[in-house]
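Protein chains: 2
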Amino acid sequence: MPRTFRYQIMDIIKKRWSPQAYSQELIARDDILALVEAASFAPSCRNGQPWRFLIADEPDTLEKMRQVLSPSNQRWANQAPVLILIAARKTFADSGEINEWHEFDTGTAWGFLALEAQQRGIITHAMGGFDPDKAIELFNISDLYEIITVVAVGRYGDKSKLIKKLQEREFPKSRKSVEELLL
Amino acid sequence: MPRTFRYQIMDIIKKRWSPQAYSQELIARDDILALVEAASFAPSCRNGQPWRFLIADEPDTLEKMRQVLSPSNQRWANQAPVLILIAARKTFADSGEINEWHEFDTGTAWGFLALEAQQRGIITHAMGGFDPDKAIELFNISDLYEIITVVAVGRYGDKSKLIKKLQEREFPKSRKSVEELLL
Numbered sequence: 006m007p008r009t010f011r012y013q014i015m016d017i018i019k020k021r022w023s024p025q026a027y028s029q030e031l032i033a034r035d036d037i038l039a040l041v042e043a044a045s046f047a048p049s050c051r052n053g054q055p056w057r058f059l060i061a062d063e064p065d066t067l068e069k070m071r072q073v074l075s076p077s078n079q080r081w082a083n084q085a086p087v088l089i090l091i092a093a094r095k096t097f098a099d100s101g102e103i104n105e106w107h108e109f110d111t112g113t114a115w116g117f118l119a120l121e122a123q124q125r126g127i128i129t130h131a132m133g134g135f136d137p138d139k140a141i142e143l144f145n146i147s148d149l150y151e152i153i154t155v156v157a158v159g160r161y162g163d164k165s166k167l168i169k170k171l172q173e174r175e176f177p178k179s180r181k182s183v184e185e186l187l188l
Numbered sequence: 006m007p008r009t010f011r012y013q014i015m016d017i018i019k020k021r022w023s024p025q026a027y028s029q030e031l032i033a034r035d036d037i038l039a040l041v042e043a044a045s046f047a048p049s050c051r052n053g054q055p056w057r058f059l060i061a062d063e064p065d066t067l068e069k070m071r072q073v074l075s076p077s078n079q080r081w082a083n084q085a086p087v088l089i090l091i092a093a094r095k096t097f098a099d100s101g102e103i104n105e106w107h108e109f110d111t112g113t114a115w116g117f118l119a120l121e122a123q124q125r126g127i128i129t130h131a132m133g134g135f136d137p138d139k140a141i142e143l144f145n146i147s148d149l150y151e152i153i154t155v156v157a158v159g160r161y162g163d164k165s166k167l168i169k170k171l172q173e174r175e176f177p178k179s180r181k182s183v184e185e186l187l188l
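Which chain is which? The protein sequence lines are A and B, in order.
If you want my numbering, it's the 1-based position in the first sequence plus 5.
If you want my numbering, it's the 1-based position in the second sequence plus 5.
Just chain A, same shape as in the assembly (with noise of 0.2 Å):
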């Protein structure tokens, strides 16, 4: 089903999706670096800022990253010139006490880094299917963090080259209604 907007939101949000055909044009450091400078923008509890970001963008760490995915994701993710693992630190510096809001929060980060791709014509995908205990043994990741997603980043590509099933799936997804949203 087509996505349809009732609101005249953002343009940049109406275009946003997580495709899966990535080009292997190559995206440059300073595009990269600016997707986290937007992040880090992000609101957050306390300004705790618990988002941190691990950017795989040349061949060695490109390759271990790929290691983490999950066979299914690697079929196309593999494609894309970068892989950027999100985790999300579990206290506050300051205090050492828990924070509740690290996954809240690091998901309002994700959400403009996201946003900053699309402005910059990058596409995005974030994958749940990864290995969290692979990329904590692979990357020396310390227990102050928690592994939270692999985004994959890069521009679009050819949609031909995908599998048949994925070419399938390759669409921006619909969404609930706002009424079915409201408590």
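Rather than coming from a laboratory, the hints here were simulated on the basis of the structure.
Be aware that one or more of the hints could be misleading.
No copy labels: a pair is met if it fits in one copy or bridges any two.
[Stated by the list, open to error] Straight-line distance between alpha carbons at most 30 Å, and here's what the computed DSSO-like set of lysine-lysine pairs gives: (1) Lys178 / Lys166; (2) Lys95 / Lys20; (3) Lys95 / Lys139; (4) Lys181 / Lys69; (5) Lys164 / Lys20; (6) Lys178 / Lys19; (7) Lys166 / Lys139; (8) Lys139 / Lys69; (9) Lys169 / Lys181; (10) Lys166 / Lys69; (11) Lys139 / Lys181; (12) Lys69 / Lys170; (13) Lys166 / Lys20; (14) Lys95 / Lys19; (15) Lys95 / Lys169; (16) Lys170 / Lys95; (17) Lys164 / Lys181.
For chain A, the structure is supplied; the task is to place chain B on it using the hints.
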């Protein structure tokens, strides 16, 4: 410390912050629903769309929602013409499985909501200081949902009406550098 920007990131992201000086000017219902629609186009794990919103924008509901806030938040947030409680569905609706990304995905939706608000000249401030059990009781919220935050929504008001301690903190907060966010 004022905000500084190294990259040309989206203006809407640069300009958004979380003020506490709210005007009592009402917000049109269509504006509020547009914020929810913008939020609805966030990406989510398996398009599960776990985000839910409880809008308090008329006297009875507002009065109840104010009771949910901590006394220190009531001091300023009672001025806001709209309070929106954000909750997250803890399980996938189709399978009933726990959705490990329900907080993260709901954070992404909140980010989209905050930026759509900024685009409309509407300010937002998410609060962690509130009593979720009181919200559950007063609004009879199902235990399918986790209560995450209450957001003040409105237009910018008169900073001089804030108590002195809040006036001193009434500016856009700076952020960690990009380097500090990289694992």
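task = Kindly indicate which numbered hints from before are broken by the structure, ordering the numbers from low to high.
result = Result: hint 15 breaks, nothing else.
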